[in-house]
Amino acid sequence: MTTERERRFVGPRRGQLIFALVFLTLSVLLLALIGEQTAWVKKTQLFAQPRFWPAVSLGGMVLLGGLHVYALPWRRTSRYDLWEARLWGRSLEFAVWFMGYVLLVPLVGYLPVTLVFVPLLARRMGYRSGWMLGISVGFAVAVVVVFKVVLGVRIPGALLYDYLPAGLRSFFILYL
Amino acid sequence: MDLFLSAIDILMRWDVALALLAGSVGGVLIGAIPGVGPAVAIAILLPATFSMDPIVGLTVLLGIYGSSMYGGAIPAILINTPGTAVNALTTYDGYPMTARGEPRRALSLAYSASFFGGVFSVICLILFAPVLAKVAPMFGSREIFLAALLGLLLVVVAHRGQALIAGALACLGIFLNSVGMEPVKYTQRYTFGQDFLSSGVNLIVVVLGLFALSQAFVLLMDEDEKVHLNKLRGGMFQGLRELARHPRVTAVSASFGVLMGMIPGVGEFTAQFMSYTYAQKTSKRPQDFGNGSSEGLIAAETANNAVPAAAMVPLLALGIPGEALTAMMLSVFYVHNVVPGPALFQNDMDFVVALYLALLVLNVLVLVFLLFATRSLVQVVKIPNRFLGVCILTLSFVGVYSLRNSATDCLIAAGFGIFGFILKRLSLPAVPIILGMVLGGIMEVKLRAGMARVKEPLDFINRPISFILFIIIILVLASHLLRVWRDRKELKEAEWQTKTASTSFGQLMSRRKNSFLKDRGKEVRARHSKLLRRLRGLF
Numbered sequence: 001m002t003t004e005r006e007r008r009f010v011g012p013r014r015g016q017l018i019f020a021l022v023f024l025t026l027s028v029l030l031l032a033l034i035g036e037q038t039a040w041v042k043k044t045q046l047f048a049q050p051r052f053w054p055a056v057s058l059g060g061m062v063l064l065g066g067l068h069v070y071a072l073p074w075r076r077t078s079r080y081d082l083w084e085a086r087l088w089g090r091s092l093e094f095a096v097w098f099m100g101y102v103l104l105v106p107l108v109g110y111l112p113v114t115l116v117f118v119p120l121l122a123r124r125m126g127y128r129s130g131w132m133l134g135i136s137v138g139f140a141v142a143v144v145v146v147f148k149v150v151l152g153v154r155i156p157g158a159l160l161y162d163y164l165p166a167g168l169r170s171f172f173i174l175y176l
Numbered sequence: 001m002d003l004f005l006s007a008i009d010i011l012m013r014w015d016v017a018l019a020l021l022a023g024s025v026g027g028v029l030i031g032a033i034p035g036v037g038p039a040v041a042i043a044i045l046l047p048a049t050f051s052m053d054p055i056v057g058l059t060v061l062l063g064i065y066g067s068s069m070y071g072g073a074i075p076a077i078l079i080n081t082p083g084t085a086v087n088a089l090t091t092y093d094g095y096p097m098t099a100r101g102e103p104r105r106a107l108s109l110a111y112s113a114s115f116f117g118g119v120f121s122v123i124c125l126i127l128f129a130p131v132l133a134k135v136a137p138m139f140g141s142r143e144i145f146l147a148a149l150l151g152l153l154l155v156v157v158a159h160r161g162q163a164l165i166a167g168a169l170a171c172l173g174i175f176l177n178s179v180g181m182e183p184v185k186y187t188q189r190y191t192f193g194q195d196f197l198s199s200g201v202n203l204i205v206v207v208l209g210l211f212a213l214s215q216a217f218v219l220l221m222d223e224d225e226k227v228h229l230n231k232l233r234g235g236m237f238q239g240l241r242e243l244a245r246h247p248r249v250t251a252v253s254a255s256f257g258v259l260m261g262m263i264p265g266v267g268e269f270t271a272q273f274m275s276y277t278y279a280q281k282t283s284k285r286p287q288d289f290g291n292g293s294s295e296g297l298i299a300a301e302t303a304n305n306a307v308p309a310a311a312m313v314p315l316l317a318l319g320i321p322g323e324a325l326t327a328m329m330l331s332v333f334y335v336h337n338v339v340p341g342p343a344l345f346q347n348d349m350d351f352v353v354a355l356y357l358a359l360l361v362l363n364v365l366v367l368v369f370l371l372f373a374t375r376s377l378v379q380v381v382k383i384p385n386r387f388l389g390v391c392i393l394t395l396s397f398v399g400v401y402s403l404r405n406s407a408t409d410c411l412i413a414a415g416f417g418i419f420g421f422i423l424k425r426l427s428l429p430a431v432p433i434i435l436g437m438v439l440g441g442i443m444e445v446k447l448r449a450g451m452a453r454v455k456e457p458l459d460f461i462n463r464p465i466s467f468i469l470f471i472i473i474i475l476v477l478a479s480h481l482l483r484v485w486r487d488r489k490e491l492k493e494a495e496w497q498t499k500t501a502s503t504s505f506g507q508l509m510s511r512r513k514n515s516f517l518k519d520r521g522k523e524v525r526a527r528h529s530k531l532l533r534r535l536r537g538l539f
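Those sequence lines, one after another, are chains A and B. Here the first sequence is numbered in our numbering, starting from 1 and rising by one per residue. Here the second sequence is numbered in our numbering, starting from 1 and rising by one per residue.
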């Protein structure tokens with residue numbers, strides 16, 4: 001049966017204990033490394049010490065994180081916590097998609113990679129109709145045109161563009 | 001008058017006009033799409049604005065900030081889903097109006113109330129600017145440190161029921177800001193010997209991860225929802241007339257918006273809550289609230305739209321952002337070497353007034369756009385969630401990669417994206433991390449400068465403003481502790497009432513005796529004594 005303490009807890013139950021424990025463990029580990037990772041400078045005021053703010057922040061993380069764990073209405077993980085942790089892990093797939101996109105752009109080029117990435121990811125998400133494919137391609141072209149051509153954001157030309165004829169190369173590097 | 005003319009002169013440029021148009025239309029569109037929100041859009045556009053003039057870049061970002069709440073009212077009223085988080089209260093009275101066949105009336109009322117809130121706050125601030133210009137120079141290092149500390153404290157205590165973890169996350173933000181080469185003694189802090197950490201953790205990378213990428217992950221892992229839209233009937237101008245029938249609620253709500261917006265860390269939610277409560281308490285028909293009351297809708301929409309202009313006050317006057325969106329805007333100032341703070345009010349008052357005038361024009365543009373384009377605009381709520389996730393992931397790349405063309409930045413952003421996704425799943429706030437990063441940097445610099453000039457710790461608060469700020473900090477802390485104590489007392493009482501077993505000492509002892517005498521109790525005691533013997537044997 002749900003207790004009064006659980007009922008008053010803000011947010012869902014699943015995953016809370018795992019998150020709080022991992023957060024606290026990492027905070028304690030970082031605090032334990034403070035002597036090694038920061039310096040104490042002689043003849044310098046406490047507030048001007050390079051170690052002062054890391055100590056304050058990590059101290060706060062350990063103290064408040066510890067109190068948060070103490071105040072949680074649960075002391076044991078349930079299967080729902082584990083399912084939730086598995087779901088967090090599933091988000092890694094999209095982080096990999098993103099990193100793949102990031103690593104391919106400097107090699108193949110912004111426009112070509114975007115033209116493949118958007119429809120491919122849309123297909124992976126279940127949009128397989130010709131209409132959605134068209135929208136995906138249109139969106140990819142629009143993004144490149146708006147950001148690289150109109151706003152001129154800094155995305156360097158790809159390695160592949162070096163193999164293009166001289167006239168085309170500079171156009172591709174500048175606009176695509 | 002000269003000030004106004006020079007401010008108008010700053011705005012009389014084709015690129016500023018274009019920025020105003022793009023900001024207003026773009027903001028409305030972004031607000032109208034549930035699941036995007038201004039934070040995601042501003043995070044993505046931030047690096048693109050670095051190549052623009054400060055006034056152009058800030059106008060685009062302010063445009064998105066100011067107009068997204070207008071757009072956010074559309075899905076809140078039509079499909080009971082707030083477009084932005086601050087439109088949640090709009091669903092209370094907006095959707096019931098749609099359900100009873102008055103969607104046009106609700107939309108028109110929401111636009112009119114938002115317009116009044118926006119314009120009222122800008123006018124208040126233009127009139128208030130000379131006073132601010134006089135007060136701002138009184139803020140030295142100590143005062144700015146205390147104001148930043150107060151801002152951080154308010155952000156933490158505003159998360160009722162989550163203050164502990166919000167505080168821990170704010171500390172995480174301060175820690176992230178301290179990573180890298182320390183600028184005074186040139187020592188490394190938590191770089192683990194890695195070169196990429198020497199320059200520190202970039203705020204924009206964290207912002208993009210926590211707001212844009214995490215939202216993309218949420219949408220990509222979500223299910224698409226079927227959206228049913230009602231047909232819009234009736235005139236769009238009736239809201240303006242109806243608004244005029246409730247001048248008291250409108251004026252009070254706008255005032256709450258301005259006041260709450262100026263206090264760092266408080267923002268839209270408190271302003272809305274106070275306005276809504278006031279409107280309900282003073283209404284002749286309080287029973288209508290939550291069932292399609294026009295006063296409720298006016299209170300919610302007027303208050304939230306009065307906040308953006310007011311939120312610029314601590315940012316411009318003291319260089320202290322009160323929430324995540326203004327924290328992002330601070331980086332635009334820094335990139336252009338424009339340092340917001342007392343000096344800005346003294347030296348570039350025309351720039352400040354130009355920003356406020358831009359906000360004024362923006363409100364007019366948005367209202368005109370919405371009055372004529374709502375019918376076509378409502379279609380954007382039909383964009384499927386997962387496809388929106390694909391779009392945000394693609395756009396996030398531009399935001400992170402264009403910053404320094406670094407794959408490492410993208411990896412860090414992806415890491416923060418997953419962290420932000422976890423926070424969203426657990427309903428934990430990400431804003432304290434961003435404010436911790438921004439205000440942590442300000443506090444470090446100002447505390448060092450402030451303490452260099454004091455002999456005893458109490459000298460730190462020996463000036464009037466620093467003393468007042470210190471007293472406010474103590475009051476905020478005390479009131480928060482009092483609230484925690486009351487909540488705890490209430491919880492104990494509630495637990496007491498729902499408890500089935502008696503808690504009297506005599507009965508406890510008797511239950512314990514019974515437990516010892518039962519077979520199960522004997523078994524447990526035997527096991528425990530066996531374990532104790534083994535433990536003793538070890539030594």
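Some clues are possibly wrong.
As the list claims (entries may be wrong) - Calculated cross-link-like contacts (lysine-lysine; reagent style DSSO-like; alpha-carbon spacing at most 30 angstroms):
#1 A:Lys42 <-> B:Lys455
#2 B:Lys513 <-> A:Lys43
#3 A:Lys43 <-> B:Lys492
#4 B:Lys492 <-> B:Lys513
#5 A:Lys148 <-> B:Lys382
#6 A:Lys42 <-> B:Lys185
In case anyone wonders, no lab produced these hints; they're calculated from the structure. Computed from a predicted structure; not experimentally measured.
Each hint tested on the structure:
1. A:Lys42 <-> B:Lys455: Given that 30 angstroms is the threshold and the Cα spacing comes to 19 angstroms, the pair holds.
2. B:Lys513 <-> A:Lys43: violated, 65 angstroms
3. A:Lys43 <-> B:Lys492: violated, 51 angstroms
4. B:Lys492 <-> B:Lys513: Distance of about 27 angstroms is within 30 angstroms: holds.
5. A:Lys148 <-> B:Lys382: holds, 28 angstroms
6. A:Lys42 <-> B:Lys185: holds, 11 angstroms
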